[in-house]
Amino acid sequence: MNHLLEVRDLCKTFQVSAGPLSGSHLPLKAVDGVSFNLRAGETLGLVGESGCGKSTTGKAILRLLEPDSGEICFDGENLLALSSRQMRHRRRDLQMIFQDPYSSLNPRMQVMDIVGEPLKIHGLAKGRALRQEVARLLQTVGMEATCLNRYPHEFSGGQRQRIGIARALALKPRLIVADEPVSALDLSIQAQVVNLMQDIQQQFDLTYLFIAHDLSIIEHISDRIAVMYLGRIVEMTPAEELYRNPRHPYSEALLNAVPVPDPHARRQKRPLTGEIPSPLHPPSGCHFHPRCPYARERCRHEAPALNDWGGGHLAACHFSEEVGRYRIAR
Amino acid sequence: MSALLEVHNLRTYFFTKAGLIKAVRGLDFNLEAGECLALVGESGCGKSVTALSLLRLVPPPGRVVEGQVLFRDEDLRLLPETEMRRVRGNQIAMVFQEPMTALNPVFNVGEQIAEVLRIHQGLKRQDALQQAVALLKQVGISSPERRCREYPHQLSGGMRQRVVIAMALACRPRLLIADEPTTALDVTIQAQIMQLLDDLKSKHRMAMLLITHDLGVVAETADKVAIMHDGLILEYAPVTAIFDDPRHPYTRSLLACLPKIGQKQHRLALTRDAAPEKTAAGTYLDNCPAPFAPEKSKLPPLREVTPGHLVRCWREP
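So the protein lines, in turn, are chains A and B.
In terms of my numbering, the first sequence has 243 at position 233, counting the first letter as 1, and numbering is strictly consecutive.
In terms of my numbering, the second sequence has 276 at position 263, counting the first letter as 1, and numbering is strictly consecutive.
Simulated from the structure, these hints should not be mistaken for laboratory data.
Heads up, a few of these hints could be off.
As the list claims (entries may be wrong) - Only some residues are given here: those of chain B computed to face chain A with a beta carbon under 7 Å:
(1) H133
(2) V200
(3) T201
(4) D211
(5) E233
(6) V252
(7) I274
As the structure is a prediction and not an experimental result, all values here were calculated from the model.
Even glycine gets a Cβ: it sits at the ideal position worked out from N, Cα and C.
Given only the sequences and the hints, what does the whole structure look like? Please build it.
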């Protein structure tokens, strides 16, 4: 099977200052050996809490951040081997939608220039043709051409995110990395934007890497979901399978943590104890063991490998077969 | 017996240069001891301004222009500022959404919690610090003696929110106003904090005004729910009635667009037909696809449809 994107053993370490008065630096392993594939037309959801490296992974794929090691093959070509000039050309196929629709649009540019800029940079249109193309893009995302000469502050969060999507679509990309595109929006607006992203996916045959911090909305857009914890993928599986049959204790905890919108289903929760550890000092062995209800001695010393449980269901846990015991029925 | 908190016809307006903004346009609700009322609505519906209005903390150019806020039968709006200061942080405490801005970066957290106790309860410094340690322990912070000497930036988001909650609980308030207490937190931490608030509520019979846009959180914690939109309560009912028998079209549309986990939908339901994104001038009532509105300019009254269930809609008999 041909994959549009293949990520192999991606690693990215940041050097963070050891203290305000200290000259020394500590290594922070944000992404620690992440591998996954994306088929054309597929959506992979990448889920994890703050500091798990999901955004770093997304940015590294577009080489907005330079990874330390690993391989990123897009359409059979290793992106990390490209020169920056070649990469700039390649980015026509790879675009990004950002989380914060307030800071990702230049407040001093009109919508026309924001959406038209990629076309100008790549020399694809100018003059009247550019204006027409931008108007068409805005129409695609459900906005009117009358917006062309307005500024970002004149729009609501949902409309701004639509502008961001139009900008990402301008170069007719094949892969879009969407970094929490709806988490800054109200619930009803989230639904609108997710539906829009699904529509344009069909229309333009797009492949998505959809990054999110919880499991509530991602279910509806993802074909497969990868769960990350402290720089590593701990579970990767077809979406329905994750909700039905999680194989990693952290995925189970994430599922349990989503509030159930049914007052009759109130129950004694068992929330995960403990804080998310600092990625500067990740726990030994399995990173999750200090918070894990299934943890035993072995988990402290030995990091579990990502094992295949059949049907494309991968999980990195020594005691995968036990997971499900603490699942709260819904 | 009268309720712990009774709010009558509360109106808060902002007199901005660009014109008058009616953020809160006449709210009525009440809250008993040990009860949790959730104020639910999307951004800009006036739910946070309502909280600030109760505590008389509305920033200018905003002003509470009308209404009564009866707390234990005393109208907070009529209290002199010195009296009000004794109520705030003592009998009514507030937890804000962003724990970083609610803490002072240059004092360690022990001193910040102790300050509350020194001011409101006249405790000596050492006693207050000891009490602070006990409070940190109560909100589930491990090794509280050490944490007490740490500064806010040394703590994670979840820890900070616990500190803010410990501070709010320092004087055993009768009413806790929690404005999106978990929105800035990760989901696993969010579950911990909500459980903590729930435990404290039942242990101390503390009343809670929970401000949120998350109907999942509401279903798990609230006793009563007020659905707000554009400064008005559109529906007000016990939590089971809101979820089992929503009467207002806006409430229905909010519930319809809730993603239910484990039940994949191909299309997410939208509130679009009922409530499009709020435009500058538009309101739900203006946008309501309501051929049933007798007079468009007239606001439908909040009417009781079954005991304790109030709805503001012309269509609802």
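Each hint tested on the structure:
no.	hint	result
1	H133	30 Å, violated
2	V200	4 Å, holds
3	T201	4 Å, holds
4	D211	9 Å, violated
5	E233	5 Å, holds
6	V252	5 Å, holds
7	I274	5 Å, holds
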